[in-house]
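2 protein chains.
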Amino acid sequence: MKKSGQSPKRRQILDAAVKVFAKNGFYNSKVLDIAKEADVANGTVYLYFPSKDDILISIFEEQMGELIEYIKREIQKESGSLNKLRKLVSMQMHLIETNSDLTELLLVELRQSKKFLQSNATDMMSKYIDMIGNILKEGIAEGVIDKSVDVTIVGTMLFSAVEGLATRWILEGASYSLDRAADTVIKVFLNGIKEKTEGGDN
Amino acid sequence: MKKSGQSPKRRQILDAAVKVFAKNGFYNSKVLDIAKEADVANGTVYLYFPSKDDILISIFEEQMGELIEYIKREIQKESGSLNKLRKLVSMQMHLIETNSDLTELLLVELRQSKKFLQSNATDMMSKYIDMIGNILKEGIAEGVIDKSVDVTIVGTMLFSAVEGLATRWILEGASYSLDRAADTVIKVFLNGIKEKTEGGDN
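Quick note, the sequences are listed as chains F and G, same order.
Numbering-wise, this note's numbering comes out as the position in the first sequence, counting from 1, plus 945.
Numbering-wise, this note's numbering comes out as the position in the second sequence, counting from 1, plus 945.
Just so you know, not all the hints are guaranteed correct.
The list makes no distinction among identical chains, and a pair is therefore deemed to hold if it is satisfied within one copy or across any two copies.
Stated by the list, open to error - Within a straight-line C-alpha distance of at most 25 Å, the following computed DSS-like cross-link-like pairs (lysine-lysine) qualify:
1) K1082 with K1032
2) K1092 with K968
3) K1092 with K975
4) K997 with K954
5) K981 with K968
6) K954 with K964
Think of the hints as simulated: they come from the structure by calculation, not from any bench.
All chains should be built: construct the whole structure from the sequences, respecting the hints.
In structure tokens form, the structure reads like this:
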């Protein structure tokens, strides 16, 4: 299914599903609940999605796809790789905080779908990590990031750190501020990977 | 159920379950398969564990509990917080690499158990993060770690970075070396959080 040219009804169903899954959890949600929330007939849902798992996977692929495009566009407005990394982390944390229904769905519910783990949705994660990797490469070319940095490993670390902070934030009921977490992530990573101009150990 | 005084049969069942879950996946494994692998009668398994979910949760709690105790003991042999952090990360990565059946079970299968997510097993994750937090506090007291570091946030970041690298390593079929990943994690984090003695920006 293509993202472009999607019908408003399809979008309506996906938006309703995000709400229903977040409220009842993926396993306890019924297609009927989604149809009700979307204000369409039960059969209409099946016109667009063969199963509940397919709804979940579509949410992931499309929302993540849109998110990546949005973040990419915003990041291009920043000058220099370090500013791009700062923007990336703060945008990501902010989006998590302001879309907590969707975040809970993606971080907690989605991992329980066997079909998801076998789908190509994990490619999306790789795309996100590649996006971070490309900024790191830029930084190496600019001379502001240590050239010995392994961009795949550091990209995975950065992605995972943000994901882990978001998951804990959701599971523990927002026991810390994600804005403060974003500041810490940025500070630790930028200090951790920057090119040392004044020498020093390690 | 207490870890201490556990019967050899109980341990036999848990060890067999790790193998069976890793081979067939949690959902496709049957208690009967576990009984066979452990060379005990089907009913014997139920004497110790009410359900398959309980086996999985016991594996997590006990293995993680033992792992944390083991890592704690080893870490105490190191002098200074920075050496302790180095040891922690390299031990963790090494354990992941040498126990890939167990790691796959914990990182991929376990998250699919609703009962797990609702159990107190996530407390274990907090304990692990607290252990990292305590080393960070030591480092602040020693004057080698920046005192503005938020130990909960950095502890979560470090835990998540290692977890994320391990998950990707498993899902992508070991496309990078975990030893190299450990070196990168150590380098980035230690540079990222160390107390600056020579001043500088950021």
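How the hints compare with the structure:
For a Cα distance limit of 25 Å, the shortest separation of K1082 from K1032 inside one copy, 16 Å, qualifies, whereas the shortest one across copies, 29 Å, does not. In the homo-oligomer, the alpha carbons of K1092 and K968 never lie at most 25 Å apart, since the shortest distance is 46 Å inside one protomer and 40 Å across protomers. In this assembly of identical chains, the alpha carbons of K1092 and K975 never lie at most 25 Å apart, being 51 Å within a copy and 50 Å across copies at closest. In this assembly of identical chains, the alpha carbons of K997 and K954 lie at most 25 Å apart only when taken from the same copy (16 Å versus 41 Å across copies).
Proximity of K981 and K968 under a CA criterion of 25 Å is satisfied intra-copy only: 14 Å inside one chain copy versus 40 Å between copies. Taking the shortest alpha-carbon separations for K954 and K964, only the intra-copy value of 16 Å comes in at or below 25 Å, while the best inter-copy value is 46 Å.
When the structure is compared with the earlier hints, violations turn up for hints 2 and 3 and for no others.
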